[in-house]
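> Full structure from sequences and hints, please.
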Amino acid sequence: MSTPTLLKDQAEKAAPLRPTMRQRLRPTFNGWLMAPGILLLGVLSLFPLVTLIAMSFSRVRLLGGVRLEWVGLNNWARALGDPDLWQGWLLTIVYFIVTLGVEMVLGLSIAILLSKITRGQGPMMVLVLLPMFVAPSIVGLVGRYLTDPTFGLYASIMQRLGFSEDILGNPATAFAAVTLMDVWEWTPLIVLISLAGLSGVNPSMIEAASLDGAGQWKMLRHIILPSITGILLVALLIRSMDAVRYFDIITVTTNGGPADSTKIVPLRLYEAGFRFFDLGYAAVIGLMMLVLTIVIARLFVRMLSGKGKTS
Amino acid sequence: MKNSIPAVPRRRILQFGGVAAGLLSATFLSGCGSTAPTAVPALAPGADPWRRFAGTTINFISENTSPTAAIAANLKPFHELTGITVNIVSLELQALVQRVALDLAGGQAQYDVIYADPYQVLAPYREGLTDLRTFISDPDYPKMVDVSDFIPTQLKAAGQFGKGGEIFALPYDAPTMVWQYRVDIFDKYKERMREELGFDPTPGPDRTWAEYLKIAGWINDNVSEVPYGTGQQAKQHDSLMCDFSNLLWAYGGDYFENGTEVGLYGSVAPGKCLLREPAAIEAAAVYNELIAIAHPGSRGWDWDGVGNALSAGQIAMAPNWHEYAASNEKKMPGLIDYAPLPKGPHRSANIYGGTGIAVSANTNGARRGAAWLFVNWATSPETQLANLKSSVGGGTPTRESVYRLPEVEGASRRPSTLPNMLTATAVNTAWEADYIGLRPKIPMWNECDTALFTELSRMLAGQQNPKEAMTRAADRIDHIVERGWVA
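If you're matching them up, the sequences are chains F and X in order. In this text, residue positions in the first sequence follow my numbering: the first is 388, and each later residue adds one. In this text, residue positions in the second sequence follow my numbering: the first is 286, and each later residue adds one.
What the hints contain is simulated information worked out from the structure, not anything from laboratory work. Treat the hints loosely; a few may be bogus.
One side of the interface only, derived from the structure: several residues of chain X facing chain F at Cβ under 10 Å [to be verified]:
{"id": "1", "residue": "Gln383"}
{"id": "2", "residue": "Tyr410"}
{"id": "3", "residue": "His522"}
{"id": "4", "residue": "Thr545"}
{"id": "5", "residue": "Ser583"}
{"id": "6", "residue": "Gly585"}
{"id": "7", "residue": "Arg743"}
{"id": "8", "residue": "Arg761"}
{"id": "9", "residue": "Arg768"}
Values in this document were obtained by computation on a predicted structure and should not be read as measured data. Glycine is no exception: its CB is placed at the ideal position from the N, C-alpha and C atoms.
Right, dumping it as structure tokens:
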């Protein structure tokens, strides 16, 4: 058989395997299995996303039924030129870095201390983890009472230290207070995740390092931390997703004030959407937050997969 | 298996999903809020008009205010009179506004009777409310005690929008800011204050804000019973706007041209903001001075914070809503008295925060009629008197005839069985046209309010001076008004 004939035969055999458009659209067995999940995804994610995008280019009317009036890029131009919104973004980033930084350092430190305790570790764990089980709005209420200038415990301590102002009435202390309230509530999560990581560190490596004369700091830096980097990244990923959406505690305590010092972007989104009913503008802020969340998630996932390849 | 048709690529599935979701969104959005109206059942000849809708259940959404607490505690008389069941949803104001807006958007009338705050519900969503004149003039409904019995400024401010004569809501509560002060402290130190300050410190509309500042400072320095003379509601919140507005009007400033008209009848295009004017800047400067000597908690307090501070003995006086009288009397019996707020170079102004109740335009059939019967009953003189006597507090009446009742008149002096009536003399003055303070009734007020209290908060934090605060607030309000409002 000559070469051209052979090629022709191969082409004829291959021809039926090339699917037509109709065949390509017909769901396979795998497709049918995936269909309920995709449908659910469509209802829960795609439908709101498409609506949100449409809203961001519209003025949304409510009375007489929801209607979208096309306004082009107006909402986007407004958002990009809104200095208060950019100030909100700056605050959000500062808040994000401070809370995550403090929570990670504190959480890891507490986890290491807990892992060293041989007696009474159980009760200590319960005490440390308790704040995590309190609803954020309750944390806000408790925080508000503790910082109340007339009868608050922390306010009283601060007054004795010479700070006579209202903690939640001063821009700097109000920001510090709401940040610390979040740290108080969510550091236990980092402790929990870190403890899980620490329990997986190979004890023979620690023993060997100890025999080689490595001190606590060197062991932490060269053995423990590299061993639990992956799990710490997971903790960071989980907390960062939450930190971007921080809302409850600020709403209950300062409502964004004083002087907008605690008005991070989720509060601005709420305000635009549900106080001013400027839903088109709120949709723009929502989409901006979505992009930020995706960027952060991708960053951590990439770091995680990099870690996976190297280990 | 190798020969099977290749699966549809994931990207393609997502593309189709997106298109489908888009179509679904469009269908959903265009379909929202369309319901066919149902006719109101006719009144049978000779039947009791109050029993016309017996067996109907309606929903009333309200802010968690005193009159609603009193009505919720005693709905039996209404049920016995009409056979109608009322479910009351009582919420914080912001949550209420959200639910009402979404309910009106949905068109399903989940809430038949609506607590219609004039600035956050009535002005922006009046098209979603029924003109109550259709019920008042309908002979098939029980006759209502004359509309002119409502305190005139309240009927206009809380019930109307524009000068077309429509009545969208009937006045239901009437919180108004008055000067609340510790009568024991003023009695004890009155003579010393008079000698050292050079004027009679007795609270009342003849006092000026400048004198109020001096009294507060004097109490800070000389009185041991309380740590501070005054407390203010200067949290970055609606309360800050309310607190400041009293001074703004007293010093001759206003938000817009024809402020009284805009406050009484409302406007969709109020024009240029007047906060750049010298009177407004002077008011802001005085307010800044006031906060500097007030209790340090003032920057974090709203009206509840001030109410608690006064009744906890932290401050000797404060401007606050008069409906705190019942709780003041419970916590400090006989120790707190009330007067109209001090005056400025222009007048004494007492901000009014009253609200009406309305019938949703989307409600229909028997529920529509039942909703009106409830509104009629809840604002009647008998119910307002019962609210006053309620063990859970109760509001103050919005009808003039109730104030003329001997038992109500008698309760305005101690010992009083109706503690909210202790404020009667002060609020009756405050509701007079020359004393009442009305913020602009414009649909976009919520956003203007936020712009103002944010700039004021920045001023109080020392980030800008009064002139910058007022100029920035005016600029922001002008932008908001220029953008307009669509409901």
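> For every hint, state whether the structure bears it out.
Against the structure, the hints come out as follows:
Residue-level restraint check for Gln383 (chain X) holds (minimum Cβ-Cβ distance to chain F is 5 Å; threshold 10 Å). Look at Tyr410 (chain X): its Cβ gets to within about 7 Å of chain F, closer than 10 Å, so that hint holds up. Contact between His522 (chain X) and chain F, as hinted, is supported at the beta carbon level, the nearest pair being about 6 Å apart and thus within 10 Å. The beta carbon of Thr545 (chain X) is not positioned within 10 Å of any beta carbon in chain F (closest approach about 26 Å), and the interface hint is therefore violated.
Hint on Ser583 (chain X) holds. Least Cβ distance to chain F is approximately 7 Å, under the 10 Å limit. A least Cβ separation of about 4 Å between Gly585 (chain X) and chain F falls short of the 10 Å threshold, and the interface hint therefore holds. The interface hint given for Arg743 (chain X) is met, as the beta carbon of that residue sits about 4 Å from the closest beta carbon of chain F, less than 10 Å. Residue-level restraint check for Arg761 (chain X) holds (minimum Cβ-Cβ distance to chain F is 9 Å; threshold 10 Å).
Taking 10 Å as the C-beta contact cut-off toward chain F, the hint placing Arg768 (chain X) at the interface holds, the least distance being around 9 Å.
In the structure shown, a violation is registered for the earlier hint numbered 4 alone.
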